[in-house]
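Participant: Given only the sequences and the hints, what does the whole structure look like? Please build it.
Each residue of the sequence shown is one higher than the one before, counting from 1 in the working numbering.
It is possible that part of the hints are untrue.
Claimed, not checked - Below, simulated DSS-like cross-link-like pairs (lysine-lysine); rule was C-alpha separation at most 25 Å, straight line:
| hint | residue 1 | residue 2 |
| --- | --- | --- |
| 1 | K346 | K97 |
| 2 | K244 | K210 |
| 3 | K25 | K420 |
| 4 | K122 | K57 |
Claimed, not checked - Derived Cβ-Cβ restraints for the label pairs, each shown as a range:
| hint | residue 1 | residue 2 | range |
| --- | --- | --- | --- |
| 5 | A54 | G230 | 49 to 57 Å |
| 6 | T225 | G78 | 39 to 47 Å |
| 7 | S23 | E338 | 37 to 45 Å |
| 8 | E252 | V22 | 29 to 37 Å |
| 9 | G212 | G81 | 49 to 57 Å |
These aren't lab readings, by the way, just hints derived from the structure by calculation. Heads up, the beta-carbon is just placed ideally off N, CA and C, and yes, glycines get one too.
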Amino acid sequence: MSMKQEALDYHENGRPGKIEVVSTKPCRTQADLSLAYTPGVAEPCREIHADPDAAYKYTARGNLVAVITDGTAVLGLGDIGPLAGKPVMEGKGILFKRFADIDVFDIELDVKNPDEFIRIVKAMEPTFGGINLEDIKAPECFYIEDKLKKLMSIPVFHDDQHGTAIISGAALINAAKLQDKALGEMKIVFSGAGAAAISCAYLYVRLGVKMGNIMLVDSRGVVYTGRAEGMNQYKKPFAVDTPKRTLAEAMEGADLFAGLSTAGLVSPDMVRSMAARPIVFAMANPDPEIGYNEARAVRNDLIMATGRSDFPNQVNNVLGFPFIFRGALDVRATTINEEMKVAATKALAELAEKADVPQSVLDAYGVASLTFGPEYIIPKPMDPRVLVEESVAVAASAIDTGVARDKSFDLSAYRNRLEKLAEKVNTTQS
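Facilitator: What follows is the structure in structure tokens.
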């Protein structure tokens, strides 16, 4: 059977699609009905009317995230529209549930105007504990997220921007350590200047990279000072004074290549021209800018990551969003700020250095051991420790930066609770 047919059968067979809504309370008797609906339901309504925060106590809001798209940048498929993007949004819901026990409503909006999109999402605030924006094209995604973060008092997170930044940022910390490179001295080249690339660049700066050592290369070439064609307000801060105009020229002497573009753009000669002990993050999906084996064939001193699961060091956004939202929801955060993103990044980086990789993870990936080194710089998505370490780090950062509504949150008890949840989630899915 072909992969295409297998995927279609997976989505069609049984109940069509991948998700359903289930009750968490009994609803079998007249007494149950009187509590679930009228007249009993009036009591939590009154409590919430008197204290809006009581919604977190009496409703599912505190564990409910909206995955919202306009379908303008769906995976590698481009602008296929909101309806065609629905299978991806349902899939995102499965990942939230599988890895962090977070419930999701997927919402596909047939809206082209960014301000109308913003108005609709803002109006849904009473329903959700958080908003995950998904597959919205640049530069509109920057504007939409920025406006919603200012207008809403719940976390708003565009995963296409920040998810890749956080996971690759963790990989950067550890790759630089292994390659004996100081972040402040590294020269970095980005292939791509869209939402993910620009968000990665800003996070790398927060981690210690110097802004002037970053070079963006888009479809028109290097983003240089004075360039007019194909520029926007989001690229301009990264314009550099350089005679280099092509990706090949930009990569000469570079310490890190970060690819967020399309397959096949990087040749072996380009990798060969990089600095000693280079780092290559070829993250285009499904096929990277240069293949893993192709790059390794010309540089045996490199560390490489891709977006693929069949090679070491997969930069997979599932290492980020479920656990970032888990921590943010549990402290009832009003936003996901930059400090929380950095906390998530560092938690992932530190976890990869820990030796006690669970046997269940080794079994899942068919390996005898996982040891911190060139082929293991970020944790595996199936590692149950990620739920605990990243969620705690995000929650702690929310508390430290004053964006947590829960002012009496007990982090020690929270860690214990997450350890039990990790065991439950992984037992249920095994």
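Participant: All hints are to be evaluated individually against the structure, with a verdict given for each.
Facilitator: Structure-based check of all given hints:
Among the hinted pairs, K346 with K97 is consistent with the structure: their alpha-carbon atoms are about 24 Å apart, no more than 25 Å. At most 25 Å may separate the alpha-carbon atoms for a hinted pair to count; K244 and K210 meet this at roughly 19 Å. Simply put, K25 and K420 have alpha-carbon atoms about 22 Å apart, close enough for the 25 Å limit, and the pair holds. Among the hinted pairs, K122 with K57 is consistent with the structure: their alpha-carbon atoms are about 22 Å apart, no more than 25 Å.
Judged by the Cβ atoms, the range 49 to 57 Å given for A54 and G230 holds: they are separated by roughly 51 Å. At roughly 31 Å, the beta carbons of T225 and G78 sit outside the given window of 39 to 47 Å. The beta-carbon spacing between S23 and E338, approximately 39 Å, falls within the hinted interval of 37 to 45 Å. At roughly 57 Å, the beta-carbon separation of E252 and V22 lies outside the given 29 to 37 Å, and the hint is violated.
As the Cβ distance of G212 to G81 is approximately 40 Å, the hint placing it in 49 to 57 Å is violated.
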